[in-house]
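Below are the chains, spelled out letter by letter.
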Amino acid sequence: MKMSGAEILIESLKKEGVKHIFGYPGGVVLNIFDSLYDNKEVQLILTRHEQGAVHAADGYARASGKVGVALVTSGPGATNTITGIATASMDSIPLIVFSGQVPTMLIGNDAFQEADIVGISRPCTKYNYLIKDVKDLSRIVKEAFYLAREGRPGPVLIDLPKDVTVSKAEFTWPEIDIRSYKPTYEGNKWMITQAAHLIAKSKKAVIVAGGGVILSGGSKDLRELAEYAEVPVTMTLMGLGSFPGTHALSLGMLGMHGTYYANKAVQGADLLIAIGMRFDDRVTGKIDAFAPEAKIIHIDIDPTSIRKNVRVDVPIVGDVKRVLTVLNKVLKEEVKEQWGEVRKAWLRQINEWRQERPMTYTYRDEVIKPQFVVEKIYELTKGDAIISTEVGQNQMWTAQFYKFDKPRTLLTSGGLGTMGYGFPAAIGAQFAHPNKLVIDIAGDGSIQMNIQELATAVINNLPVKVAILNNHYLGMVRQWQELFFNERYSYSHLDVVPDFVKVAEAYGAVGFRATKPSEVEPVLKEAFKIKKTVFMDFIIDWKEKVYPMVPAGAAIDQMMFEEQKEKPEKKLKAVK
Amino acid sequence: MRHTISLLVENKFGVLSRIAGLFSGRGYNIESLSVGETIDPQISVMTIVTSGDDQIIEQITKQLNKLIDVIKVVDMTELDHVEREMVLIKVAPRQEDKAEVLRLTEIFRGRVVDSGQKTYTIEVTGDEKKIEAIVELLKPMGIKEFVRTGKIAIAREGIKK
Ligand SMILES: Cc1ncc(C[n+]2csc(CCOP(=O)(O)OP(=O)(O)O)c2C)c(N)n1
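If you're matching them up, the sequences are chains W and B in order.
Residue 289 in the numbering used here sits at position 268 of the first sequence, and the numbers go up by one each step.
Residue 23 in the numbering used here sits at position 21 of the second sequence, and the numbers go up by one each step.
Honestly, the hints are just simulated from the structure, not real lab data.
Be careful, since some hints might not be right.
BS3-like cross-link-like pairs, simulated, lysine-lysine; straight-line CA separation at most 27 Å [as the list claims (entries may be wrong)]:
#1 B:LYS64 <-> W:LYS163
#2 B:LYS14 <-> W:LYS307
#3 W:LYS87 <-> W:LYS357
#4 B:LYS64 <-> W:LYS342
#5 W:LYS87 <-> B:LYS68
#6 B:LYS64 <-> W:LYS153
#7 B:LYS14 <-> W:LYS189
#8 B:LYS100 <-> W:LYS163
#9 W:LYS203 <-> B:LYS146
#10 W:LYS163 <-> B:LYS92
#11 B:LYS64 <-> W:LYS210
#12 W:LYS203 <-> B:LYS100
#13 W:LYS210 <-> B:LYS68
#14 B:LYS74 <-> W:LYS210
#15 W:LYS163 <-> B:LYS74
#16 W:LYS316 <-> B:LYS74
#17 W:LYS546 <-> W:LYS87
#18 B:LYS120 <-> W:LYS203
#19 W:LYS241 <-> W:LYS424
#20 W:LYS210 <-> W:LYS189
#21 W:LYS222 <-> W:LYS210
#22 B:LYS74 <-> W:LYS329
#23 W:LYS61 <-> W:LYS189
#24 W:LYS357 <-> W:LYS329
#25 B:LYS14 <-> W:LYS156
#26 W:LYS329 <-> B:LYS131
#27 W:LYS203 <-> B:LYS131
#28 B:LYS14 <-> W:LYS342
#29 W:LYS307 <-> W:LYS457
#30 W:LYS329 <-> B:LYS100
#31 W:LYS357 <-> W:LYS210
#32 W:LYS36 <-> W:LYS189
#33 W:LYS87 <-> W:LYS553
#34 W:LYS350 <-> W:LYS307
#35 W:LYS153 <-> B:LYS131
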C-alpha cells in the first residue's frame, strides 16, 4: 500500500521506537502535523520556541540514553534550532532534527520561508540530509538514527521539502550499510596491554573521566578499574556522574573551577588515564603546563580527540565500555601486579590536599549563599534526582556542591555553554522519566532565555522544578569584571528582573520565594511535594563568586581562593 | 611541510562543501584541490595539497576520515607516488620571441593546443618543478592567461618507502 511521505516518516519513527517528538508547526510541515493528529504511538510535544524543542529533545536524550527527536518548520523554524543543534554537537548528544523545507521545485529561489538549513547546519551536525525523493525517506531516517547513535554520537538534521511529505511511495525498511562510516569499537589489544602495564607500574596515577564514559555506559567498568587499581578519579563537567561523587576515590571536578585537590593531583601525577574526554581548555588551563610529569593514556572513540590538544603516550581508539572491560581483565588476569603501599602514599598525599583546601564556602545567616541552596537540594534529594543547569555561576556551583552519584543525572551544556539550555532540557528529561524529580538550577539571566517553556511544562502537567539563584546579575560575567576588569560592571547588571513568582503564576505554575537561609529548606520541601511546575526564586548574595578559580590561560594549579580576593567593598559602578 | 592527500569520497551532493568547510572551519589551508569521478561513478577521488606540521597533518587526515562521506584517506607524501598537474598557458610573444616559445614548448614536451594571430596556448603536464620551470621561462615572453588543474597523485605499485 502506498503511503505519503508524512506517513512514511511517522512509520519510520515508530520502527525506531520513538514515543516523543518535540516540535513546532509551520506551513511546510503541516502534512506531517496532520498525520500526527490521530496517531496514538508518537506524541508531539508542542514547545513555545524551536530552540526549546531541540534542547528538550537533547535533555530527553541525555536523561534516557535514547535518540532525541525534534520537528520544526522551514526558514525561521529551522534557523531557530541552530543553538540547540550546536549544543548537542559539542556534547556528543544523539539527536535527529527534522526541518521542513520549501518544495523541491522552489529550492534556491529565495522562496517564502526558505533557508539553506543544510548549509547552515553543516558545521554543527554530525551529518545532514536533504531528501529529494520520497523513496529515500525511510532509508535516510534509518541511517540518520544509526549515525546519531553509533560511534561518537551527535545530532543529525534531515531537511524535508514539502512535496516529499505529500508524494507517495511504498513503505520499506531496508537494511542499511554505510560503507564510509565504520567506527572502531574494540580497542587495540596490544595498546590496552601497554596501558595496563603503565597503570600497574605508576606511583601517582589519576583517572580523568569525561562524558564519553556516560555515553558508552561504562560507569560500572570505570568503578571497577578505579577500585581494583586504587586510582583516584576526577571528572570533567561532562563526566560528573560517571563515577560516584560520594566515593572515597572521587576528587570531584577538575579544571577552571575544579577542586584544589583534583588539580593538584593532576599536576603531580605520573600517569593520567584519560577516558572519554577531550582535553578542553577549561580542563587543561595552560596547555604547556598541564600535567607536566605525567605519561598519558587516552581512551576515546573519536580518533580526532586523541593528540588534538595534548601529547599522548598510549592512544586507544575504541568504545570506552569495551576498552575498559578488556583493560580490567588484562590488569587482573595478565598483569597481576601488586601495588600495595605505593598507592596508599599517593592517596594520603591527595587527602592532605583535600584537607588543606576542601570545597567550601562561607555560610551566612543573614543572606542566602547559592552554595547553600545547592547543598540543600542535594541533601533533600539525596542525589536521587535529575539536575539540569543553565550556564554561569549556577552551573559551576551545581557542579561543585551537588554530588552526582549516577550517570545521566546531570544535564548541562558543557561544550557550547548555552544559557537557556537547562529549563527545556529538564522538560525533555521529565518526559523520559515521568516519575523522577527533575530540577533545573538556574541563574536569573539564563532562565529568561527560554522562560516561555513554562507554558510547555504547565500544559503537560510536568512537575519540573526550577531553582533560580537570583543575584540580579549576569553573575559569571560580573565575576570576571570584578576580578579582571577592575570592577567595571559593563552591562552585566540585570536591573529589571521580573518577579519570577508572578511570572510562574501567570503561566499557571507555582511560584515561591526565599530571601533568608532559614526559608530555603521549607521552600524546597514544599516545592518537591507539589506535583506541579514550580519556580523557586532564591534571592542570593549577589557578591558571591565561584571559587576556586584558575584564571584563563594559567596552569590549573595556579588557583585563586575566596579569602585572597575579598577586598573592601568598592562602590558599585554598574553601567546599565 | 607540504602534503598531498588523496581521498575517496561518496559522489554526493554537498561533499565538496563538507570538505572545504572542514578546512576553513578549523583554519587549515588548501593549496590546491582537484576532484573527479573514479571508474565507479558513485565514488569521486579528490587530491588535496595542504601544509602544516606533523600534528596538524595528523589532525587533517583524522578529521577527513571522520567525515561520513569520506571512504578512504591516503597521505601520498608517506608513499612513493607519482604527481602530475596540467597547465594551460596563453602567451603573447613578440615576433622575435615566437620561435623561443615553440622551442621551450618542445623541450618541456608541451603542445600548442590553440593559436591566434598574436597568441599561442600551450598545454604542459608534469610535476610541480617542471610546471614552475616552464612558467618562469615563459614569463618574460608575456603570459596573458594561465590556468592549472591542481595536483593529482597516484601511488606507485609495490615499492613503499
Ligand atoms: C546564549 C549565551 N549568551 C551569552 C553567554 C555568556 N555568559 C556566560 S555566563 C553568563 C551570565 C549568566 O548569568 P545568569 O544566568 O544570571 O547566571 P549566574 O552566572 O548569575 O549564575 C553569560 C552572559 C552564554 N554562555 N550563553
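Here's how the hints hold up against the structure:
1. B:LYS64 <-> W:LYS163: holds (26 Å)
2. B:LYS14 <-> W:LYS307: Outside the cut-off at roughly 42 Å; violated.
3. W:LYS87 <-> W:LYS357: At roughly 38 Å apart (the allowed maximum being 27 Å), W:LYS357 and W:LYS87 break the hint.
4. B:LYS64 <-> W:LYS342: holds (22 Å)
5. W:LYS87 <-> B:LYS68: holds (23 Å)
6. B:LYS64 <-> W:LYS153: violated (31 Å)
7. B:LYS14 <-> W:LYS189: Distance ~24 Å between B:LYS14 and W:LYS189 Cα, so the pair holds.
8. B:LYS100 <-> W:LYS163: Answer violated: B:LYS100 to W:LYS163 is near 64 Å, above 27 Å.
9. W:LYS203 <-> B:LYS146: violated (49 Å)
10. W:LYS163 <-> B:LYS92: violated (53 Å)
11. B:LYS64 <-> W:LYS210: holds (21 Å)
12. W:LYS203 <-> B:LYS100: Violated, at roughly 58 Å.
13. W:LYS210 <-> B:LYS68: holds (22 Å)
14. B:LYS74 <-> W:LYS210: Distance ~24 Å between B:LYS74 and W:LYS210 Cα, so the pair holds.
15. W:LYS163 <-> B:LYS74: holds (23 Å)
16. W:LYS316 <-> B:LYS74: violated (32 Å)
17. W:LYS546 <-> W:LYS87: violated (31 Å)
18. B:LYS120 <-> W:LYS203: The hint is violated at about 57 Å.
19. W:LYS241 <-> W:LYS424: holds (17 Å)
20. W:LYS210 <-> W:LYS189: The hint is violated at about 50 Å.
21. W:LYS222 <-> W:LYS210: holds (18 Å)
22. B:LYS74 <-> W:LYS329: The hint holds at about 21 Å.
23. W:LYS61 <-> W:LYS189: holds (22 Å)
24. W:LYS357 <-> W:LYS329: violated (33 Å)
25. B:LYS14 <-> W:LYS156: Holds, because 17 Å separates the two Cα atoms, which is no more than 27 Å.
26. W:LYS329 <-> B:LYS131: Violated, at roughly 34 Å.
27. W:LYS203 <-> B:LYS131: violated (39 Å)
28. B:LYS14 <-> W:LYS342: Cα-Cα ~34 Å, so violated.
29. W:LYS307 <-> W:LYS457: violated (40 Å)
30. W:LYS329 <-> B:LYS100: Cα-Cα ~55 Å, so violated.
31. W:LYS357 <-> W:LYS210: With a Cα-Cα distance of about 17 Å, the restraint between W:LYS357 and W:LYS210 holds, given a limit of 27 Å.
32. W:LYS36 <-> W:LYS189: holds (19 Å)
33. W:LYS87 <-> W:LYS553: holds (26 Å)
34. W:LYS350 <-> W:LYS307: violated (35 Å)
35. W:LYS153 <-> B:LYS131: This hinted pair is violated, its Cα atoms lying about 46 Å apart.
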